[in-house]
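So the chains spell out like this:
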Amino acid sequence: MRAAGGGSVGGGADVIGGDIEAYLQRHKAKSLLRFITCGSVDDGKSSLIGRLLYESKMIFDDQFAALRDDSKKVGTRGGEIDFALLVDGLTAEREQGITIDVAYRFFTTEKRKFIVADTPGHEQYTRNMVTGASTADLAVILIDARKGVLTQTRRHSYLAALLGIRRIVVAVNKMDLVDYSRDIFNKIERDYRAFAHQIHLEDITCIPVSAVVGDNVTSRSVHTPWYRGPGLLEHLETVDVPDPAEGAAFRMPVQWVNRPNPEFRGFAGLIASGVVRPGDALRVLPSGRTSSVARVLTGEGEARIGVAGQSVTLTLADEIDVSRGDVLSAADDPPAVANQFEATIIWMHDEPLLQGRAYLLKLGTKTVTATVAPIKYRVNVNTMEHLAAKKLDLNDIGVCELELSSAIAFESYRDSRVLGGFILIDRLTNNTVGAGLLHFALRRSQNVHWQALDVNKRARALLSHQKPCILWFTGLSGAGKSTIANLVEKQLHADGRQTYLLDGDNVRHGLNKDLGFTDQNRVENIRRVAEVARLMVDAGLIVMVSFISPFRSERRMARGLVEAGEFIEVFVDTPLAQAEARDAKGLYKKARRGELKNFTGIDSPYEAPENPEIRLDTTQLTPEAAASQVIAHLRKAGMIDAGFDPGI
Amino acid sequence: MAALDYLQRLEAESIHIFREVAAECEKPVMLYSVGKDSSVMLHLARKAFAPGKPPFPLLQIASGWDFREMLEFRDATAKKYGLELLVHTNDEGVRAGVKPWTHGAAYSDIMLTQALRQALDKYGFDAAFGGGRRDEEKSRAKERVFSFRSAQHRWDPKNQRPELWSLYNARKNRGESMRVFPLSNWTELDVWQYIHLQQVPIVPLYLARLRPVVRRDGRLIMVDDDRLPLSATDRVETLQVRFRTLGCYPLTGATVSTAADVPAVIREMVSSKTSEREGRGVDKDGATSMELRKLEGYF
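Chains as they are written, first to last, in my numbering: chain A, 28 to 675; chain B, 74 to 372.
Warning: the hint list may mix true and false statements.
[What the hints assert, rightly or not] The calculated DSS-like cross-link candidates involving lysine-lysine, where the alpha carbons are at most 27 Å apart (straight line), are:
hint	chain 1	residue 1	chain 2	residue 2
1	A	K138	A	K55
2	A	K100	B	K231
3	B	K231	A	K418
4	A	K624	A	K540
These are calculated hints, taken from the structure and not from any lab test.
For reference, chain A alone in the conformation it holds in the complex (with noise of 0.2 Å):
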């Protein structure tokens, strides 16, 4: 074992000579990869990375230090140095023996530059193996030569593909424990092999190695005289990786609309794809609305050009309305423009997916609701089976259909990851639940654009003296709901005013005869609940839904569908003893009793409004008082006032 590792920077002081200038030059010349590594510890993947970072020369000696103290220490080793210690960061991995989380890790040697996501292998962690491979241009997927080709080889050269890394590298490691033996190298090779052309990687490259002892990593090793091609690190330094945005239409996302006095309008974002110029026609996507560059701008000044990856800011030659989330692209060549998708999405949350759940959606710039309906399949990782799906659990993959709330310049993830990667965000938490690859636009949503009908909305209402809305009447099983709906609807009928009540049971009979009390079942229950009130609002009613609707998204949902002001969410609060004290149909007995499963309040949660437009105490209030607060509250917004100008 050699003392700690030469402990210098890119490269040691040998390198520079006496001329620090030329060795910057050199230093600076060098080109970027970013490369991911797959496996699981006992492949020996930290082992492989820390014998990277310490032969490379990137550790200096009081790191090498603590890590001598470490090895001791805590160590699996036996007390010799113990290179994964290097790279598990977190206390809790190291307690575990585990890598968890995404780690990124760098190096330098004096060809390239490196960036290496270092990612845990176990299936419970496929969400963070897809989050390091989304930004790598190359993955080195690590087999344990006792075991050959394993579940989680084939899981990992998996998701690599869907990430579209094209480039794989298999190190074959602990050679040492297999006597160096070619026929298991070649056999592993030659399965790798016909495994990958199924999922159509085609360039790989197979290299024996031993982590620990150092063999075939930074060079050629003794013990493999017949092992023919370039050590680990020598490949690494030399594999060329094209990156197709250089070639391609140009395309940038607007980031950020610059304005800094009234004479300045410039448009900054990162260039995703091809090269622009002063003079260059663009197209603003989704308006299509057209004009040329007036000039680009750098940090640092006017710029004859810029490429893809560099940031820039952009002026244009006519004053047309471009904002934050639109994409500038070559007039002659955009993207296209869609709102119903097919995607492939990795579930990244323990709360699991749902068909008809809203969620955000974010793509370069643009943050738009998205609706998944319906999952076509879902992935076994594993053996790549399509499986039926109805949600999608934390680190499920599966194929969906999307439909976005407006029209966004898209490509296929296959072109451009840039355009067509997104994340999913859940609207109440706000965390980052899912990630998506889009493949195509269904083709019902290109062409189909909405009929602009000269008899609209604002031309029913005139006609009848009201102001279209939704009375959403949310609260437990038994809380008065359909009670007080029926007195409102039976007043404002006396008032000559036009109205539905769409009731909870009645619909369950009909339109929604099909569906169960599962949460999947409850979301589609109350999204088709919500486009019918929808369609009704359209018609010029004034639309009572009584559902107990209990979850929070959901009802924000049925919000977003109509405009604003127009749904008014009606609280009946009704304390659970005292609706199940009621029980006038008997439901909360027989829940009680087990005989009714998912029953709201009982083994289902019901998630309270938190700023509902009306509150009705039903402790307080009889029905018929809170009939007229919920009359007192159309008349005060303005919905049914006589002489009213419905303002659509």
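Assemble the complex: chain A is given as a structure, and chain B must be docked to it using the hints.
Structure of chain B alone, referenced to chain A:
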């Protein structure tokens, strides 16, 4: 047109990060520690919003034990670029008589971590840029670029948001905040290289000059003012030294050096045998001390 080299890529990525925060957060601020990483951050932020100014102020947490040269440099920099500068000190700590040599590890918690939290709460900032880099330390290697903090400023390393591609999720509820690290993917050498190529102004403490120092626990501590307690056996020497990292002067060890300009510093660094944080006293209390401090809200 040649492809971008790696420094140009890093620069573009950092600028992208600055703009995302400006677009998606309500009230961002840049933590300006006056160190070299802060200098590079500020340079990038100015580029990101040129020809305008960065749409956020600078915030410096002053412990009261900052190098005098840092404070001069700080004020001159803010003035030169016309940026709003906020300075915050934990007055409770000052009143309680907390000094670098009286409270051990608690000193940095009180005068830096708590002070930072006080300042963020006081002004209601919902996003704060920090100069942290993933190559600095093992627990930082797993830090996100957009790092979510609870309303109590806690970092939960086991429950970080997935961060894919360059799609950052800046959404949060009231009271919660983001720490954002535009230099996440830079290494120490990258920072120096960039300072050299772009002529980024840095505080002269990074360059070797004759300075008065005393020896303390094997380190050279600069006698920056007369508040540093000196015992009868202490001998103040004038040595040619520089600092590889900057913090409170009584806790920051100097290195004997002849590197009087940036290229010489880089030369010294690439030949160096010790890591960057070694000169800092605060990280010496156990291998996991940085992680613990991050949990509490330190940068």
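Verification of the hints:
no.	hint	in the structure
1	A/K138 to A/K55	10 Å, holds
2	A/K100 to B/K231	24 Å, holds
3	B/K231 to A/K418	25 Å, holds
4	A/K624 to A/K540	17 Å, holds
Of the numbered hints given earlier, the model fails none.
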